[in-house]
Amino acid sequence: MLVQVEPLIPALRRYARSLVRERAAADDLVQDCLERAVSRWHQRRDGSVRAWLFTILHNLAINQFRQSAARGSHVPIDESNEDDFSVAAAQDQKLMYRDVMNKLAKLPKDQQAVLLLIAVEDLSYADAAKVLDIPVGTVMSRLSRARERLQQELEGPSNGEASNIVSIRSARE
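One point on numbering: in our numbering, the residue at position 148 of the sequence shown is 152, and numbering is uninterrupted.
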């Protein structure tokens with residue numbers, strides 16, 4: 005069992021981190037996933053261990069999203085530190101990563117999940133369909149819509165839309 009699960013832990017952590025966007029919460033989510041997998045190993049059906057683990061992780065994340073939406077988030081001030089309130093350095097890679105993650109977060113959760121499972125975690129359409137418990141055709145259409153929408157977000161407004169770029173006129177005009 006450990007031989008099958010251990011190599012998947014980095015991919016599970018990446019997927020969890022992209023879902024919850026917080027390292028500690030992602031690690032907790034992966035730990036919960038692994039605990040559930042170990043305790044229910046006997047219930048596993050034949051098939052991909054990878055898809056099974058991603059299914060567990062995804063379902064745990066959805067449950068957490070529902071619970072936090074119902075009760076709201078609360079962070080005691082005593083448990084926060086200065087880093088929680090600071091602004092990251094203006095480095096291009098970090099800014100680009102953050103921009104992509106923010107635009108990815110704007111996608112509907114169903115499109116976001118499909119895009120992450122296939123583009124980031126390299127799951128097949130069939131495995132992603134199993135993880136999300138939807139038909140393969142739905143995976144393909146959600147992936148197509150997610151890619152298109154993310155591309156539009158990254159390219160910015162089209163010609164007819166307002167832009168956040170202000171043109172500065174010369175004083176000589």
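Just so you know, not all the hints are guaranteed correct.
[Unchecked claim] Simulated crosslink set (SDA-like; lysine to any residue; CA at most 20 Å straight-line):
#1 K134 - D50
#2 K113 - P139
#3 K113 - T59
#4 K113 - Y101
#5 K110 - R18
#6 K107 - G51
#7 K113 - R44
#8 K110 - Q155
#9 K107 - Q156
#10 K107 - L154
#11 K98 - G51
#12 K134 - N67
#13 K113 - R153
#14 K98 - S22
#15 K113 - K134
#16 K113 - V140
#17 K134 - W45
#18 K134 - K107
#19 K98 - V24
#20 K110 - S148
#21 K134 - A29
#22 K113 - R151
#23 K113 - A73
[As the list claims (entries may be wrong)] Restraint-style ranges between C-beta atoms, simulated for each label pair:
#24 A74 - E157: 25 to 31 Å
#25 E39 - P11: 14 to 20 Å
#26 K107 - N85: 24 to 30 Å
#27 Q156 - R102: 16 to 22 Å
#28 E26 - G141: 29 to 35 Å
Please keep in mind that the hints were generated in silico from the structure rather than gathered at the bench. Each residue gets a CB set at the ideal place from its N, CA and C atoms; glycine is no exception.
(message) With the threshold set at 20 Å, check whether the alpha-carbon distance from K98 to S22 stays at or below it.
(response) Roughly 15 Å between the alpha carbons, so the hint for K98 and S22 holds.
(message) Check whether the Cα positions of K98 and V24 lie no farther apart than 20 Å.
(response) 18 Å, holds
(message) With the threshold set at 20 Å, check whether the alpha-carbon distance from K134 to D50 stays at or below it.
(response) 13 Å, holds
(message) For K134 and W45, compute the direct alpha-carbon distance and say whether it is at most 20 Å.
(response) 17 Å, holds
(message) Assuming the hint says 25 to 31 Å, is it satisfied by the Cβ distance from A74 to E157 or not?
(response) 29 Å, holds
(request) With 24 to 30 Å as the target window, see if K107 and N85 comply at their CB atoms. (result) Cβ of K107 to Cβ of N85: about 28 Å, so the range 24 to 30 Å holds.
(message) Does G51 sit within 20 Å of K107, going by the straight-line distance between their CA atoms?
(response) Distance of about 34 Å is beyond 20 Å: violated.
(message) Please verify whether K134 and K107 have alpha carbons no more than 20 Å apart.
(response) 26 Å, violated
(message) Hint check: K107 vs L154, CA-CA at most 20 Å. Holds or violated?
(response) Holds, because 7 Å separates the two Cα atoms, which is no more than 20 Å.
(request) Would you mind confirming whether the straight-line C-alpha gap from K113 to R44 stays at or under 20 Å? (result) Violated. K113 to R44 sits at ~27 Å, over the 20 Å cutoff.
(message) Checking one constraint from the list: CA of K113 to CA of K134, max 20 Å. Satisfied?
(response) Holds, at roughly 17 Å.
(request) Could you grab the alpha-carbon distance between K110 and Q155 and see if it respects the 20 Å cut-off? (result) 12 Å, holds
Taken one by one, the earlier hints fail for this structure at numbers 6, 7, 11, 18, 21, listed in ascending order.
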